[in-house]
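Chemist: Please model the complete structure; the sequences and the hints are all you need to start from.
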Amino acid sequence: DAGVIQSPRHEVTEMGQEVTLRCKPISGHNSLFWYRQTMMRGLELLIYFNNNVPIDDSGMPEDRFSAKMPNASFSTLKIQPSEPRDSAVYFCASRRDLYTGELFFGEGSRLTVL
Amino acid sequence: DQQVKQNSPSLSVQEGRISILNCDYTNSMFDYFLWYKKYPAEGPTFLISISSIKDKNEDGRFTVFLNKSAKHLSLHIVPSQPGDSAVYFCAAPEYGNKLVFGAGTILRVKS
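Sequence order for the protein chains is A and B.
Per the working numbering, the first sequence runs over residues 868 to 981.
Per the working numbering, the second sequence runs over residues 545 to 655.
Since the hints were derived computationally from the structure, they do not count as laboratory data.
Note that CB positions come from ideal geometry on N, CA and C, so glycine has one too.
Be aware that one or more of the hints could be misleading.
Said to hold, decoys possible - Think about it this way: if two alpha-carbon atoms lie no more than 27 Å apart in a straight line, the pair counts; the simulated DSSO-like pairs of lysine-lysine are:
| no. | chain 1 | residue 1 | chain 2 | residue 2 |
| --- | --- | --- | --- | --- |
| 1 | B | K600 | B | K642 |
| 2 | B | K612 | A | K891 |
| 3 | B | K615 | B | K549 |
| 4 | B | K549 | B | K581 |
| 5 | B | K598 | A | K935 |
| 6 | B | K600 | B | K549 |
| 7 | A | K945 | B | K642 |
| 8 | B | K612 | B | K600 |
| 9 | B | K642 | B | K615 |
| 10 | B | K642 | A | K891 |
| 11 | B | K581 | B | K598 |
Claimed, not checked - Here are some of the chain B residues that sit facing chain A, going by a computed Cβ distance under 8 Å:
| no. | residue |
| --- | --- |
| 12 | A585 |
| 13 | F633 |
| 14 | N641 |
| 15 | L643 |
| 16 | G646 |
Modeler: Encoded structure:
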């Protein structure tokens, strides 16, 4: 069975450019989470969805960040405009439902903003 | 302010010896704790968990201990193996579904 699939695996861009990260959750999983990993703060939850509906976006750092889940098999995290401090590894994770089940992570998207 | 704290950024242990990774938390409402393991260029994977009604949970070489009065938990790996070298994250669910993670501890097991 395919796990959580993220793309791109690596992205290098210049400050001010738009960045779009993509995620395909595990089929049948109803909850999707976006995390960001940095050295200082570890894994921070940015936003999560249940049944394609955003439930909590309190972790989104600024208005420059937005996330969508147009259907059960696809989500995007967009940063516009990007800044060097956005450089991090962004993980998408999915879970069978909101309250139970193991959280499965993708391999991450490493973003470098120059 | 981080609710789950891992104050040791890294730990180095000789193969065959015990590895002890520590985690402190501030939210007394947490009733379940998890450890995740992460290899380079991979996503974190679930390792072991413990409910707050227990003080110990064991799974093979991995044991997690919980001290609720001290708001402290630890992961013991015995014996440590080179393949255990990874980043270990402590986590707890907030509001039942929102997992909050610590900053992680890099474990290096030397052969």
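Chemist: If a hint holds in the structure, say so; if it does not, say that too.
Modeler: Hint check:
1. For the hint pairing B/K600 with B/K642, the CA-to-CA distance comes to about 23 Å; that is within 27 Å, so the pair holds.
2. Between the alpha carbons of B/K612 and A/K891 the distance comes to roughly 38 Å, so the proposed pair goes past 27 Å and is violated.
3. Of the supplied pair hints, the one linking B/K615 and B/K549 holds, its CA atoms being roughly 11 Å apart against a limit of 27 Å.
4. Straight-line distance between C-alpha atoms of B/K549 and B/K581 comes to about 16 Å, which keeps the hinted pair within the 27 Å bound.
5. A distance of roughly 39 Å separates the Cα atoms of B/K598 and A/K935; the hinted pair therefore is violated under the 27 Å criterion.
6. Proposed proximity of B/K600 and B/K549 is supported: the alpha carbons are some 20 Å apart, at most 27 Å.
7. Proximity of A/K945 to B/K642 is assessed by CA-CA distance (about 21 Å); at most 27 Å being required, the pair is judged to hold.
8. With a C-alpha separation of about 11 Å, the suggested pair B/K612 and B/K600 falls inside the 27 Å cut-off, and the hint holds.
9. Restraint check for B/K642 and B/K615: satisfied, since their Cα atoms lie roughly 19 Å apart, inside the 27 Å limit.
10. The straight-line distance between the Cα atoms of B/K642 and A/K891 is roughly 20 Å, inside the 27 Å bound, and the hint therefore holds.
11. Taking the CA atoms of B/K581 and B/K598, the gap is about 22 Å. The hint holds against a cut of 27 Å.
12. Because the beta carbon of B/A585 sits about 7 Å from the nearest beta carbon in chain A, less than 8 Å, this interface hint is met.
13. At its closest, the beta carbon of B/F633 sits 6 Å from a beta carbon of chain A; the interface hint therefore holds under the 8 Å criterion.
14. At about 5 Å, the closest approach between the beta carbon of B/N641 and any beta carbon in chain A falls short of 8 Å, and the interface hint on this residue holds.
15. Because the smallest distance between the Cβ of B/L643 and any Cβ of chain A comes to about 6 Å, under 8 Å, the interface hint for this residue holds.
16. Checking B/G646 against chain A: minimum C-beta separation of about 5 Å stays under 8 Å; hint holds.
The structure does not agree with the numbered hints 2, 5 stated previously, though it agrees with the rest.
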